[in-house]
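Undergrad: Next come the chains, spelled out residue by residue.
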Amino acid sequence: MSDEYNQQNTPLEAQSSETMSGSSGTPSKDIDYVRPAEIPEQDLYHGHSFITKWVFCQDAKVIGIQYFLTAVFTGIVGLILSWLMRLQLGYPDLVPFITAEHYYQFVTMHGMIMVVYFLTALFLGGFGNYLIPLMVGARDMVFPYVNMVSFWMFFIAVCVLMASFFVPGGPTGAGWTLYPPQAILPGTPGSNMGITLMLISLSLFVIGFTMGGLNYIITILQARTRGMTLMRMPLTIWGIFTATALAMLAFPALLVSCIMMTLDKMLGTSFFMPAILQAGEVLSYGGGSPVLFQHLFWFFGHPEVYIVALPAFGIVSDLISVHARKNIFGYRMMVWAIVGIGALSFFVWAHHMYVSGMNPWFGFFFATTTLIIAVPTALKVYNWIITLFRANIRMNTVMLFCLGFIVTFVNGGITGIFLGNVAVDIPLSDTYFVIAHFHMVMGIAPLMVIMGAVYHWFPLVTGRMLSEKLGKWHFWFTFLGAYSIYFPMHYLGFIGVPRRYYEMYDSPYVTSATGMNEFITVAALIVGFSQLIFIYNIVTSLKIGKPAGKNPWKANSLEWLTPDVPPTHGNWGEKLPVVHRWPYDFNVPGAKEDYITQTTPPSEVINAEVEKT
Amino acid sequence: MSDVKIEGYELKPGFKGMATDTGSDQTMFKGVQWGKVMMWIFLLSDTFVFSCFLISYMKGRASTVVDWPNTSEVFSLHVNGIPVPLLLIAIMTFVLITSSGTMALAVKYGYEKNRKMCGWLILATAIGGLTFVGMQIFEWSKLIHEGVRPWENPFGAKQFGSYFFMITGFHGFHVSIGVIFLFIFARKVFKGDFDNGKRGFFTTMKSDYVAIEILGLYWHFVDLVWVFIFAFFYLW
Numbered sequence: 004m005s006d007e008y009n010q011q012n013t014p015l016e017a018q019s020s021e022t023m024s025g026s027s028g029t030p031s032k033d034i035d036y037v038r039p040a041e042i043p044e045q046d047l048y049h050g051h052s053f054i055t056k057w058v059f060c061q062d063a064k065v066i067g068i069q070y071f072l073t074a075v076f077t078g079i080v081g082l083i084l085s086w087l088m089r090l091q092l093g094y095p096d097l098v099p100f101i102t103a104e105h106y107y108q109f110v111t112m113h114g115m116i117m118v119v120y121f122l123t124a125l126f127l128g129g130f131g132n133y134l135i136p137l138m139v140g141a142r143d144m145v146f147p148y149v150n151m152v153s154f155w156m157f158f159i160a161v162c163v164l165m166a167s168f169f170v171p172g173g174p175t176g177a178g179w180t181l182y183p184p185q186a187i188l189p190g191t192p193g194s195n196m197g198i199t200l201m202l203i204s205l206s207l208f209v210i211g212f213t214m215g216g217l218n219y220i221i222t223i224l225q226a227r228t229r230g231m232t233l234m235r236m237p238l239t240i241w242g243i244f245t246a247t248a249l250a251m252l253a254f255p256a257l258l259v260s261c262i263m264m265t266l267d268k269m270l271g272t273s274f275f276m277p278a279i280l281q282a283g284e285v286l287s288y289g290g291g292s293p294v295l296f297q298h299l300f301w302f303f304g305h306p307e308v309y310i311v312a313l314p315a316f317g318i319v320s321d322l323i324s325v326h327a328r329k330n331i332f333g334y335r336m337m338v339w340a341i342v343g344i345g346a347l348s349f350f351v352w353a354h355h356m357y358v359s360g361m362n363p364w365f366g367f368f369f370a371t372t373t374l375i376i377a378v379p380t381a382l383k384v385y386n387w388i389i390t391l392f393r394a395n396i397r398m399n400t401v402m403l404f405c406l407g408f409i410v411t412f413v414n415g416g417i418t419g420i421f422l423g424n425v426a427v428d429i430p431l432s433d434t435y436f437v438i439a440h441f442h443m444v445m446g447i448a449p450l451m452v453i454m455g456a457v458y459h460w461f462p463l464v465t466g467r468m469l470s471e472k473l474g475k476w477h478f479w480f481t482f483l484g485a486y487s488i489y490f491p492m493h494y495l496g497f498i499g500v501p502r503r504y505y506e507m508y509d510s511p512y513v514t515s516a517t518g519m520n521e522f523i524t525v526a527a528l529i530v531g532f533s534q535l536i537f538i539y540n541i542v543t544s545l546k547i548g549k550p551a552g553k554n555p556w557k558a559n560s561l562e563w564l565t566p567d568v569p570p571t572h573g574n575w576g577e578k579l580p581v582v583h584r585w586p587y588d589f590n591v592p593g594a595k596e597d598y599i600t601q602t603t604p605p606s607e608v609i610n611a612e613v614e615k616t
Numbered sequence: 068m069s070d071v072k073i074e075g076y077e078l079k080p081g082f083k084g085m086a087t088d089t090g091s092d093q094t095m096f097k098g099v100q101w102g103k104v105m106m107w108i109f110l111l112s113d114t115f116v117f118s119c120f121l122i123s124y125m126k127g128r129a130s131t132v133v134d135w136p137n138t139s140e141v142f143s144l145h146v147n148g149i150p151v152p153l154l155l156i157a158i159m160t161f162v163l164i165t166s167s168g169t170m171a172l173a174v175k176y177g178y179e180k181n182r183k184m185c186g187w188l189i190l191a192t193a194i195g196g197l198t199f200v201g202m203q204i205f206e207w208s209k210l211i212h213e214g215v216r217p218w219e220n221p222f223g224a225k226q227f228g229s230y231f232f233m234i235t236g237f238h239g240f241h242v243s244i245g246v247i248f249l250f251i252f253a254r255k256v257f258k259g260d261f262d263n264g265k266r267g268f269f270t271t272m273k274s275d276y277v278a279i280e281i282l283g284l285y286w287h288f289v290d291l292v293w294v295f296i297f298a299f300f301y302l303w
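So the sequences go chain by chain: E and B. Residue numbering for the first sequence follows the working numbering, starting at 4 and increasing by one per position. Residue numbering for the second sequence follows the working numbering, starting at 68 and increasing by one per position.
Think of the hints as simulated: they come from the structure by calculation, not from any bench. Computed from a prediction, not measured in an experiment: that's the story for all the values here. Positions of the beta carbon are idealized from the N, C-alpha and C atoms, including for glycine. Hints are supplied without guarantee of correctness; some may be wrong.
Interface residues of chain E toward chain B, partial, derived using beta-carbon atoms under 10 angstroms [what the hints assert, rightly or not]:
#	residue
1	217
2	224
3	294
Could you build all of it, start to finish, from the sequences and the hints given here?
TA: Shown next, in the form of structure tokens:
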């Protein structure tokens, strides 16, 4: 235990406003005044060995990288599974080992991995851990030890999930929604060990995530630096914060449904199991409600969509603002839209269940709430576009990915309005239209943000820039390729091609669908392989990338203003930063440069027409 | 926590104060330790877990095809051959609620640095919790002897056994975790760890009496959940 930072026992009063006003010379106590620190300096454990520095590390930045790499590893597994599915759909029976059972297992594992273990872990565990303490000006997460345990719980959850590939019967093939009764009955692939391991893995994920989530929320609420009000936080933090709050309230439903289904499987209880005949024999189950599982699952499942989307909204707002050199249009509107979307997301879950035979009045209610969500979401899209309007846009890789996000998100959002209406949803449900919709809106769109964010923050994490040239190739392959995968799927859905079918056999639409399926498969292979450009770019840039120096993008937010780049444990060296403004003061009239960092005191920018934030 | 003083910041009462605190920098809950906020937010999340359990139970009970057993018969205890409904549960509930009282007193004496009283009261709370768990084990074994299982129930709908064992088991698990921590904390109090700020074995953070209040929050929550379980299982 080192007391490196604690030895200066008097917390921060010594840091008077004069020392901050720098070169301006005139003592300007009044306008630069920020009230003293009210929380004592954080007590940190500094690792000394390799194990405490890199393995069981309590530094949120290292934990963030650990989360990121683990999530990316599972994501690559998910990507390979999607290739195998596409090969079967485009060229049936080309690959001999893809049987119908395996196909369903690939579908299930692809869905679960991508939604939970890849996107959720990457945005909240990866970006959340790395960025929250830096962006709010904290030394670390408030409970570093719990934070470390959170990652290792996630790691164990991933191991359990991967183990299900190697158990007798293989992983579960119930579809990522795991609907009972079929998920736990013989006949579904992996109905023995596979489903059990999946449920255990999900429960572990929830427990681990709760530990992390408590850290994210409390760091944001209670450990901000001097001058950092909630309305001066970057939108990234707002997105991650709201998503974490959603997760804390939505994951309980997943945990409960996992526990109940595990008991149904292991002990033979009948929570979700009605009376069932199997091969002419009455099973011992009876009296349970399969629809109850659907309600629990989607009470988790719909907020889960926004757990993935809200951090993406937040991050993309910051990326657009920095690379368009303009303040984000309607910051407060953006904040309230994020919070509003988060709140509304708890009242729409049954729009995933329109075909479950529920009362039509329920459908009416849930269609209405679903369409109401379109209002704050559209507001955000307009704000991104207005931010770009007449801005000083730098057309670099980051900006390209942001634009890619807007396009794919609008596309997916509009098809969401189709599917939110009961009357339109019923013919379209369980077709490729649904696949196209959710891959556009919560697959490709958040992925665009993740990639943009990696290009944006790579210099911060490693101190080196990624190659712009390779980045642009990567963008165009990914964007055009992903579009050619999912755009034709809308058409497949309109002609009625059902999702989750292993093969189309002699269906009437097979003639018009075959060519398109082949095309989609080829596109999927190309997009997948083009990610090698990205990986190559990252690996080589680690060694030979251009040194980034401090604040290469000329951004305003605190993470770029650390004394060391990349930031070290404790983030801020001797003194915590003091914040005087929001992070969006770009191209302020009268200012010397086109950006004013959050720590610049007002006395240094007296002639600039900054907004009061 | 009305005596919180923050340099350069005026705490205002009521809704206005809440709005000002929310709009201020550094912290939203002024003068509240990180651990305490964490426990509150964890409990909010845990509330959702128990709500999901209880709502599932209501749905299961409402939609089962076989009649639900008569709870005042199933849960009755025979005293001298006369069945007394709710007797055991009344005692269990009384013990648990009493332990909430001793916990609250322990928090008070803890902040007063009255180590001895605090330690004994925490010990009393732990013993109350242990008694509760013991009586729960007694009730479980009685029901199991009578043939109730998670997968079957001689008195009616099989979901009765499933939900009863799952939800009381999950609550009993919470109580047991609480009891373990109460014993650890009692030991720490008697050793004086909270007075001299001994560093935690795992977390390496300094011990502080606020930890007792945080454990108290958890303990009161577990009691409150029991009140709901009691109402929904035994009185419905």
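Undergrad: Compare the structure with each hint and give your call.
TA: Hint-by-hint comparison with the structure:
1. 217: This hint holds: residue 217 of chain E lies near chain B, its Cβ roughly 5 angstroms from the closest one there, short of 10 angstroms.
2. 224: holds (5 angstroms)
3. 294: holds (9 angstroms)
Going through the hint list in order, the structure satisfies each hint without exception.
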